[in-house]
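Enquirer: Going down the list, the sequences are from chains A and B.
Letter by letter, the first sequence follows residues 1 to 299 in the working numbering.
Letter by letter, the second sequence follows residues 1 to 229 in the working numbering.
What the hints contain is simulated information worked out from the structure, not anything from laboratory work.
One or more hints might be untrue.
[Stated by the list, open to error] No farther apart than 27 Å at their CA atoms in a straight line, the calculated lysine-lysine pairs in the DSS-like style are these:
hint : chain 1 : residue 1 : chain 2 : residue 2
1    : A       : Lys176    : B       : Lys109
2    : B       : Lys106    : A       : Lys174
3    : B       : Lys76     : B       : Lys54
4    : B       : Lys76     : B       : Lys55
5    : B       : Lys109    : A       : Lys174
6    : B       : Lys61     : B       : Lys5
7    : B       : Lys105    : A       : Lys176
[Claimed, not checked] Where chain A lies over chain B, by a calculated footprint (3+ residues, C-beta under 8 Å):
hint : region
8    : 59-73
9    : 84-93
10   : 141-153
Predicted model only: the values in this text are computed from it and were never measured.
All residues carry an ideal CB built from backbone N, CA and C; glycine is no exception.
Chain by chain, the residues:
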Amino acid sequence: MDIIYSLIPPGILSQIFVGLSRTTILFIVASGLSLILGVLRIPNVAHGSLYMIGAFTAFTVTKIFGEGQAAFWMALIIAPLFVALISLIAERGMFQFLYEREHLMLLLLTFAFSLVFGDLVKLVWGGEYKSVPVPAIFQGFVPLFGGLPFPIYNIFLLVAGPVVAVLLWLLTNKTKIGKIARAAAVDREMVGAVGINVSWVFAIVFVIGCLLAGLGGVLVAPTVSVTLGMDHNLIIEAFLIVIMGGLGNIWGAMLGALIFGITQSLGILVWPQFGIVFPYLAVVVVLLFRPTGLLKSTW
Amino acid sequence: MLDVKGVDTYYGLSHILFDVSLTVSKGEIVGLLGRNGAGKSTTMRSIMGLTPPKKGRITYKGEDITGQKPFRLFRKGIGYVPDDRRVFADLSVDDNLEIVFRSGKKWSKERVYDLFPALYEINSRRAGNLSGGEQQMLTIARALMGEPELLLLDEPTEGLAPLIVRDLEDQILKLKDIGISILLSEQNVRSALRMISRAYVIDNGRIRFEGTVAELEANEEVKKKYLMV
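Build out the structure end to end from the sequences listed, making use of the hints.
Expert: Structure representation (structure tokens):
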């Protein structure tokens with residue numbers, strides 16, 4: 001370890017890993033966005049709102065379960081499912097009739113949804129800040145990196161990211177619905193011509209993508225104050241990550257989130273006042289050299 | 001088996017098919033011959049419901065199927081092999097067959113591989129990396145997984161080397177022998193004539209000739225005017 005510390009001081013290392021744990025949340029949300037973009041071709045601006053709803057639902061669920069040990073785990077299960085239910089209703093009630101429309105129309109429609117969702121959140125939860133407690137077993141810090149305290153919850157996030165990535169890989173590569181979704185991403189008409197009801201495939205993929213937004217919302221809730229408008233920053237970041245990684249490519253979303261998260265945490269160290277500029281610079285640099293993103297786009 | 005009556009089809013505003021009628025009976029291979037852009041693929045797409053006709057009626061086994069969704073037609077036993085092949089390029093050969101909707105158990109992957117042994121050899125390869133002939137076999141194999149009674153083959157020999165065309169002809173004849181009815185569209189008239197029993201000649205979206213192979217062989221005018229042979 002000492003050799004590593006002589007190259008990278010523990011303080012910086014610690015900062016990098018906190019950045020990486022934030023990357024986890026960006027990856028989970030962006031992978032859902034990318035999945036929907038790749039298979040359904042919908043640029044879902046309302047994705048950030050679903051993330052926000054996930055966070056607010058986590059707040060309510062942890063309240064109901066008395067902020068005890070079980071509360072967070074219940075929120076982790078219930079909130080993404082609640083978001084999935086909302087998205088299923090939106091998809092069956094609205095989106096399924098509009099797949100053939102041009103992208104601009106879909107962009108406007110999902111933007112309208114994000115406004116409606118924002119107002120609904122304000123109606124249900126009100127405008128004030130909410131906080132979700134860190135679950136008891138993840139409270140506190142452990143000494144890491146030369147004894148510097150590292151928050152346990154961030155270790156949990158660092159584990160959650162790869163777990164979700166593996167589950168997504170299994171879903172897209174080992175399940176029939178995943179394989180069908182990959183085929184439909186490239187040629188939906190032909191998928192229909194081999195007997196598959198593409199409409200339901202789209203519904204399932206849409207719901208899974210939105211579920212990931214909800215999951216991201218629950219995971220982020222203990223680390224930030226849950227508030228109206230938390231969707232705005234995130235949706236911009238998520239789109240940039242997806243564009244940087246290659247539209248519709250889940251692994252591109254992972255790579256994009258990594259670059260975004262690391263440049264952000266390093267940026268803060270190097271030049272604190274302008275820290276938030278660095279990830280955007282990274283996006284510009286990536287797109288200058290790879291205009292279609294780092295990995296293969298499905299568009 | 002299949003009865004197409006007075007079909008008019010449009011792409012947007014452009015009128016492509018004019019009053020197209022044709023029939024396919026059980027167990028026969030019927031040719032739909034014509035030049036590039038004559039309307040062969042549009043006829044196939046109209047039957048499969050991919051570009052539903054604006055006018056006319058299509059019946060299959062006595063049931064009106066005009067305007068039905070392609071996935072429903074596939075489940076009723078109509079297999080479609082498009083002219084540009086359209087394998088699912090990202091998936092392996094095996095997965096291309098795996099994801100097809102299946103109602104019965106008559107056609108298994110094993111049986112399809114028996115018919116196309118060459119496909120079995122490459123079953124883990126990415127479909128996008130296959131040669132043209134291999135992709136063509138795969139699209140036919142894929143359609144067979146749905147246990148079709150009627151197969152729409154759109155220019156299967158297009159762009160294939162002569163030797164591979166011969167192989168493909170043998171396999172298509174085998175499909176006929178096991179009782180599958182086939183509507184075969186072709187520009188390659190010589191190849192088509194080795195397989196079909198009756199033919200329709202289409203040009204500019206209109207059926208210009210219908211008859212047996214012998215009648216077509218005898219009709220120099222039709223051959224010269226519409227088929228350039």
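Enquirer: State the violated hints by number, sorted upward, taking the hints as numbered earlier in the document.
Expert: Violated hints: none at all, because every hint is consistent with the structure.
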